[in-house]
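Position one of the sequence shown corresponds to residue 41 (my numbering), numbered consecutively onward.
In case anyone wonders, no lab produced these hints; they're calculated from the structure.
On a predicted model such as this, the values are computed, not experimentally measured, just so you know.
Backbone N, C-alpha and C define an ideal beta-carbon position, used for all residues, glycine too.
Be aware that one or more of the hints could be misleading.
Pairs of lysine-lysine residues, derived as DSS-like cross-links and limited to a Cα-Cα distance of at most 30 Å, are as follows [as the list claims (entries may be wrong)]: (1) 412 with 211; (2) 135 with 85; (3) 135 with 302; (4) 446 with 211; (5) 377 with 302; (6) 377 with 446; (7) 302 with 361; (8) 302 with 321.
Per label pair, the in silico range of CB-to-CB distance [as the list claims (entries may be wrong)]: (9) 323 with 395: 25 to 31 Å; (10) 245 with 323: 43 to 49 Å; (11) 259 with 153: 32 to 38 Å; (12) 395 with 319: 23 to 29 Å.
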Amino acid sequence: MGDYFVQPRLEALVLICEALIHGPPSAASSNRVLTLIRAELGNAKPFPIIYAKLFFFYIVSARVSGTVCDDSETVVIGQLINRLDQTSPATANLKLFYICTLLAFMLADGKTRSSRQHLRTLQSEVQALSKDGTCMQAGIRWMDTVPLTVFACLMTIVNSALQCNYERAAKYYTIAMRHIQDYNARKAKVLQASRNPCEYGILRSVQRMRMALNEMMAQCNIMACHPSMAMDNGHYCSYLRESEAAEKHFIAASKFKSCKDKNVWVMTHVNLAITYLAQCKHAEFYEIADQLTPNRISSCSLIVRSNAQFLHAFHAYLLNKIAECRTLIAECMETAKMEDLFRLHGLSVLLFSIFVPVNAEVILPTLDWSKKGHDHSLHCWSNNTMARVLASHGMDNSVYIEAARKEMALLDEGVIRAEHQTNPSAALVQWFEGDPTAYLPKDD
41 MGDYFVQPRL EALVLICEAL IHGPPSAASS NRVLTLIRAE LGNAKPFPII
91 YAKLFFFYIV SARVSGTVCD DSETVVIGQL INRLDQTSPA TANLKLFYIC
141 TLLAFMLADG KTRSSRQHLR TLQSEVQALS KDGTCMQAGI RWMDTVPLTV
191 FACLMTIVNS ALQCNYERAA KYYTIAMRHI QDYNARKAKV LQASRNPCEY
241 GILRSVQRMR MALNEMMAQC NIMACHPSMA MDNGHYCSYL RESEAAEKHF
291 IAASKFKSCK DKNVWVMTHV NLAITYLAQC KHAEFYEIAD QLTPNRISSC
341 SLIVRSNAQF LHAFHAYLLN KIAECRTLIA ECMETAKMED LFRLHGLSVL
391 LFSIFVPVNA EVILPTLDWS KKGHDHSLHC WSNNTMARVL ASHGMDNSVY
441 IEAARKEMAL LDEGVIRAEH QTNPSAALVQ WFEGDPTAYL PKDD
């Protein structure tokens with residue numbers, strides 16, 4: 041077609057990619073998109089908006105086909121973005137996308153301290169763009185203020201959950217859901233007013249982030265003893281002291297497509313292994329534990345490896361292998377302290393204190409963080425440990441004994457079950473496969 045028709049050809053390619061990506065999902069369609077974009081990406085550089093769209097389409101197609109990049113490749117992408125025209129709004133979009141992607145990788149790896157700078161940068165950019173609206177430009181909407189704000193809230197919630205800051209997580213969850221509800225209310229009008237090819241992709245990404253927000257808050261609410269809001273079934277059944285049901289849910293989770301991810305697979309089996317220990321099913325535990333050794337999970341994220349290590353340490357403690365337990369726990373504490381993984385650090389400290397004498401000052405940080413995070417199980421254990429430490433030094437421990445008693449009241453099995461039975465979605469704990477809607481309350 042010659043150089044004269046380069047831009048029309050690229051615009052047609054954008055439409056073709058949009059149709060393939062948002063059509064029926066298939067590996068063939070994704071591979072076709074990747075091939076087309078590879079062939080034309082170099083020609084698209086003189087057209088920043090088209091280049092940015094093809095860049096995003098390439099990433100989406102790679103994700104669908106299962107060939108997504110890792111954190112090291114993300115750094116390379118950031119270097120490539122820095123070579124583009126920095127005055128172009130499309131380049132600004134790509135730089136924000138790079139920050140978002142790198143932040144997601146870092147938080148997935150449990151690097152809460154290392155990720156703070158990127159999280160602050162993202163929050164500052166969101167505030168600035170929300171004020172002047174500069175992220176909205178003709179021809180592309182990927183960095184519209186709503187999805188960017190929702191993503192920033194989601195990353196803040198993940199960071200808050202890792203740092204046991206329940207109030208902060210709940211605050212940003214409310215903000216994010218309000219933005220999503222407003223966005224959905226305007227959805228029909230937006231679609232009528234704009235036929236921008238990126239529009240449907242934005243709507244889909246916002247809905248996926250909504251699901252992630254609900255899942256994160258479900259985890260927080262389980263720790264905070266809010267069963268009426270928590271529907272992460274495996275953990276919820278553990279919370280209800282239903283070990284057999286929890287076991288079934290974790291086994292069902294291991295069969296889901298998402299469990300092909302190594303990190304998800306390991307965490308699912310760590311939880312299943314703990315459930316087996318709770319039921320004294322040692323043969324089943326060893327079958328899983330053999331697959332969770334350091335060599336076999338070396339490619340997993342830092343936080344996943346640390347959780348698996350704590351599992352082995354706890355098992356060593358149950359077998360009275362104190363030397364092995366001390367070694368593993370010491371490593372867990374060092375890793376958790378390095379990246380501000382407060383709950384893991386607290387659990388490690390409390391377990392360590394059982395066979396190593398500690399001072400009250402060692403327990404206080406865990407006591408404070410468990411209270412701040414509304415983590416009643418950990419707070420109860422912290423108070424009991426503090427009472428034991430003070431008693432060993434001949435000091436008054438009545439305050440901590442009373443605090444532990446109050447926490448135990450919240451964890452009472454009868455109280456938990458009574459609240460569960462009044463939950464309109466209680467039947468969802470019976471869902472193990474297929475469509476869950478049959479177990480949800482019907483609309484009036």
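These are the hints, each one checked on the structure:
1. 412 with 211: Satisfied, since the Cα-Cα distance of roughly 14 Å is no more than 30 Å.
2. 135 with 85: Judged against 30 Å, a Cα distance of about 16 Å means the pair holds.
3. 135 with 302: holds (28 Å)
4. 446 with 211: At roughly 26 Å apart (the allowed maximum being 30 Å), residue 211 and residue 446 satisfy the hint.
5. 377 with 302: Distance of about 24 Å is within 30 Å: holds.
6. 377 with 446: holds (29 Å)
7. 302 with 361: holds (29 Å)
8. 302 with 321: Cα-Cα ~24 Å, so holds.
9. 323 with 395: 25 to 31 Å: At 27 Å between Cβs, range holds.
10. 245 with 323: 43 to 49 Å: holds (44 Å)
11. 259 with 153: 32 to 38 Å: violated (20 Å)
12. 395 with 319: 23 to 29 Å: For residue 319 against residue 395, whose Cβ atoms are near 25 Å apart, the range 23 to 29 Å holds.
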